[in-house]
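Enquirer: Chains as they are written, first to last, in this note's numbering: chain F, 1 to 334; chain X, 335 to 620.
These are computed hints drawn from the structure, not numbers from a lab.
Don't take each hint at face value.
Stated by the list, open to error - As a list, the in silico DSBU-like pairs of lysine-lysine whose alpha-carbon atoms are at most 30 Å apart:
hint: 1; chain 1: F; residue 1: K69; chain 2: F; residue 2: K133
hint: 2; chain 1: F; residue 1: K69; chain 2: X; residue 2: K562
hint: 3; chain 1: F; residue 1: K301; chain 2: X; residue 2: K562
hint: 4; chain 1: F; residue 1: K69; chain 2: F; residue 2: K301
Claimed, not checked - Non-contacting residues of chain X with respect to chain F, defined by C-beta distances greater than 12 Å in every case (computed):
hint: 5; residue: N352
hint: 6; residue: S395
hint: 7; residue: R398
hint: 8; residue: I419
hint: 9; residue: S481
hint: 10; residue: A536
Stated by the list, open to error - With the Cβ distance kept under 7 Å, some of the chain X side facing chain F (calculated, not the full set):
hint: 11; residue: V363
hint: 12; residue: F367
hint: 13; residue: M369
hint: 14; residue: L434
hint: 15; residue: T442
hint: 16; residue: S522
hint: 17; residue: V526
hint: 18; residue: N552
hint: 19; residue: S591
hint: 20; residue: M599
hint: 21; residue: F602
Ideal placement from N, C-alpha and C gives every residue a C-beta, glycine not left out.
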Amino acid sequence: MAQTVQVAGRAPDRTGSGPPAGRRRPRSGPRPRTRGRWGPYLLIAPTVAVIAVLILYPIGQLFWMSFHKIGSREARGVAPAENVGLENFRTVLGDPFFWRVLVNTVVSAAAMVVITMVLGTLVGLLLNRLGRKMSLLVSSGALLAWATPGISAAIVYKWLFTPGGGLVPWLLDALPDWLAGSGWDDYNWFGSRGTTYFVLVLCVVWQSFPFIAVSVLAGLKSVPSELYEAARVDGAGAWRTFWRITFPMLRPVFLVLTVLSIIWDFKVFTQLYFLSGGTANRDSFNLAMYAYSAAVAFPAKYGLGGAIALVLTVILLVFTGFYVRVMVRQGEVT
Amino acid sequence: MTVSSKAPSRRAARIGLNTAGLLVFLFAVFPVFWMVMTAFKTDEDINSDTPLPVPVHWTLSHFRNVISGQGLEFGLGHFFLNSLIVALVTVAVSGALALLAAYAVARTGFRGRSSFLIMLIIVQMVPLEALLLPLMLNAQRLQLLNSLTGVIVVYVGSSLGFSILMLRGFVAAVPRQLEEAAAIDGASGRTVFWRITFPLVAPGLVATSIFSFVTAWNEFVIAFAFLKDQETFLLPLTLSYHFGRTQVEWGSIMAASTLFTIPVMIFFLIVQRRMVSGLVAGAVKG
Chain F
1 MAQTVQVAGR
11 APDRTGSGPP
21 AGRRRPRSGP
31 RPRTRGRWGP
41 YLLIAPTVAV
51 IAVLILYPIG
61 QLFWMSFHKI
71 GSREARGVAP
81 AENVGLENFR
91 TVLGDPFFWR
101 VLVNTVVSAA
111 AMVVITMVLG
121 TLVGLLLNRL
131 GRKMSLLVSS
141 GALLAWATPG
151 ISAAIVYKWL
161 FTPGGGLVPW
171 LLDALPDWLA
181 GSGWDDYNWF
191 GSRGTTYFVL
201 VLCVVWQSFP
211 FIAVSVLAGL
221 KSVPSELYEA
231 ARVDGAGAWR
241 TFWRITFPML
251 RPVFLVLTVL
261 SIIWDFKVFT
271 QLYFLSGGTA
281 NRDSFNLAMY
291 AYSAAVAFPA
301 KYGLGGAIAL
311 VLTVILLVFT
321 GFYVRVMVRQ
331 GEVT
Chain X
335 MTVSSKAPSR
345 RAARIGLNTA
355 GLLVFLFAVF
365 PVFWMVMTAF
375 KTDEDINSDT
385 PLPVPVHWTL
395 SHFRNVISGQ
405 GLEFGLGHFF
415 LNSLIVALVT
425 VAVSGALALL
435 AAYAVARTGF
445 RGRSSFLIML
455 IIVQMVPLEA
465 LLLPLMLNAQ
475 RLQLLNSLTG
485 VIVVYVGSSL
495 GFSILMLRGF
505 VAAVPRQLEE
515 AAAIDGASGR
525 TVFWRITFPL
535 VAPGLVATSI
545 FSFVTAWNEF
555 VIAFAFLKDQ
565 ETFLLPLTLS
575 YHFGRTQVEW
585 GSIMAASTLF
595 TIPVMIFFLI
605 VQRRMVSGLV
615 AGAVKG
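Make a model of the complete structure from these sequences and hints.
Expert: In structure tokens, the structure reads:
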């Protein structure tokens, strides 16, 4: 349990019991012990090497590719690649399809983030108020959803929404027509992007709300109960208590969770791939799908693929930059 | 408001809360329940016009089909072993590297420490789908396509950042005094690490390992792009194989999906508390 307290901000100072007074050394920095000048660098060297080779170098390659015209011959090094300047970017950004994909990505990510955050927070608050047995039941159920691999989740949701045996079409068909409309029994949910994304958002929210809920719950445990006592004495309702006490106290947690959710939901791939049945339905692409399909496209247009991938990376890095700023401001990287 | 009207309203609130809890529980559990139940239904029950909550005629035939391979060149055991090898080697390599780096970050101050941490945060946010193109070309050049090694190498790279950030919290939680006391007693740096620090960090290492195990186990894009020979298929690829057939057999897919999910569920249950705190610490502590 002690671990979870960290959520609310800084880790509790485990060294608080401290060395006996009198022997206390003056501590100039947060890390007093540095064994050897080169020790730490030797310890992080393998990590730096792996990340340089597997992530930083490929990003450099993406960058280089996106300024060149590269087919399969150029990729194999048989022919030299032609430098085309910004043309790949002009092609990508000038294509209405790219903007459609961007809209799909932004709108679906926004929906996922908002719904996940609201539902997750509500469940976190609920878990905090439930009795022990009930709270255990609910959190175990949430754990199950959280633990389900993305592929399995996508496959089950596809099955739930498939006509001719799927549960949802049957349910909608069984409901009276004035309530649910008609024609659901053979409606293809994955034929158009609106309904595809409806199922996608549901599927992603289902998998991600537990993480938000347990994080919020862990944060709630760290709010001093006197604050709530005082609010109750003042006669504040649940709504007011949340916005006046809980939200301000958990502000750092909410900030981090929201930015993380944005980053995660922007690059949803596996679930969409399985729900829409591969790359056949270009209408419901998001940026990750677009980057993927450009990477495996035939005939190869690697320059263009590189430009698309770079656009996705840059968008995510902007959010990541924001996340890093939050971390730095909260003193988490010093 | 009289005092007596308060008790019933509190009971009403309790009932309301429990009902909400029950609804959340059903929402969370239902898809998993449906997956497992479909796996045990006969094809007739699956394709009947009225879906049944639980199978009328329980059958193991879908599980038998999936385990025997059903259209694939190998049985499920082969792919299970592939997935296990990939995940375990990924965990071993990235766990060892991450422990070294996490120790450096949590226990020593060095120039560039903050930059190193920020780099880790950034690299774990870069999507693999975006890096797929250069990674594939490089793997092709190094003849690592269609080999488990190629996939493992990529997984190590992609799980390292998070592992370090998560482990860092666990290393930092080991009281420094213990290490200092041992050092004063004349223990060497190596002895201090293996006798004091390591045993105390071990639970954190387990949680971190399970997290990277599950990530490697679940990964799809890289495996799908790198592995085209059935001999090298991982479990997610067998799922997509069953899923991509013209006549989709939901019973078999649900059976395969159930078998694929079970190990992950077990791991989650083992480390659930640490997972939550570690993930949160890893995420929030950055």
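Enquirer: Now tell me, hint by hint, if it's right for this structure.
Expert: Here's how the hints hold up against the structure:
The straight-line distance between the Cα atoms of K69 of chain F and K133 of chain F is roughly 62 Å, outside the 30 Å bound, and the hint therefore fails. At roughly 27 Å between alpha-carbon atoms, K69 of chain F and K562 of chain X fall within 30 Å of each other, so this suggested pair holds. Annotation: proposed proximity of K301 of chain F to K562 of chain X holds, straight-line Cα distance about 21 Å (limit 30 Å). Taken as a hint, the K69 of chain F and K301 of chain F pair is honoured in the structure, with Cα atoms around 8 Å apart against an allowance of 30 Å.
For N352 of chain X, the non-interface assignment is contradicted: its Cβ lies about 6 Å from the closest Cβ of chain F, within the 12 Å cut-off. Listed as a non-interface residue, S395 of chain X keeps its Cβ farther than 12 Å from every Cβ of chain F; the least gap is roughly 17 Å. For R398 of chain X, the requirement that its beta carbon stay farther than 12 Å from each beta carbon of chain F is met, with the minimum near 20 Å. The Cβ of I419 of chain X lies farther than 12 Å from every Cβ of chain F, with a closest approach of about 18 Å, so its non-interface assignment holds.
Annotated as non-interface, S481 of chain X keeps its C-beta farther than 12 Å from every C-beta of chain F; the closest such distance is 16 Å. Look at A536 of chain X: its CB is around 15 Å from the nearest CB on chain F, clear of 12 Å, so calling it non-interface holds up. For V363 of chain X, the suggested interface contact is upheld, since its CB lies about 5 Å from the closest CB of chain F, less than 7 Å. Because the smallest distance between the Cβ of F367 of chain X and any Cβ of chain F comes to about 9 Å, over 7 Å, the interface hint for this residue is violated.
The beta carbon of M369 of chain X is positioned within 7 Å of a beta carbon in chain F (closest approach about 5 Å), and the interface hint is therefore held. The beta carbon of L434 of chain X is positioned within 7 Å of a beta carbon in chain F (closest approach about 4 Å), and the interface hint is therefore held. Hint status for T442 of chain X relative to chain F: holds, with the closest Cβ pair at about 4 Å, below 7 Å. The criterion of a C-beta within 7 Å of any C-beta in chain F is not met by S522 of chain X, whose closest approach is roughly 11 Å, and the hint is violated.
Violation of the interface hint for V526 of chain X is found here, the shortest Cβ-Cβ separation to chain F being roughly 10 Å, above the 7 Å cut-off. Checking N552 of chain X against chain F: minimum C-beta separation of about 4 Å stays under 7 Å; hint holds. Interface hint status for S591 of chain X: upheld, as the beta-carbon distance to the closest one in chain F is roughly 4 Å, under 7 Å. The interface hint given for M599 of chain X holds, since its Cβ lies 5 Å from the closest Cβ of chain F, which is under the 7 Å cut-off.
Because the closest C-beta pair between F602 of chain X and chain F is about 4 Å apart, less than 7 Å, the hint holds.
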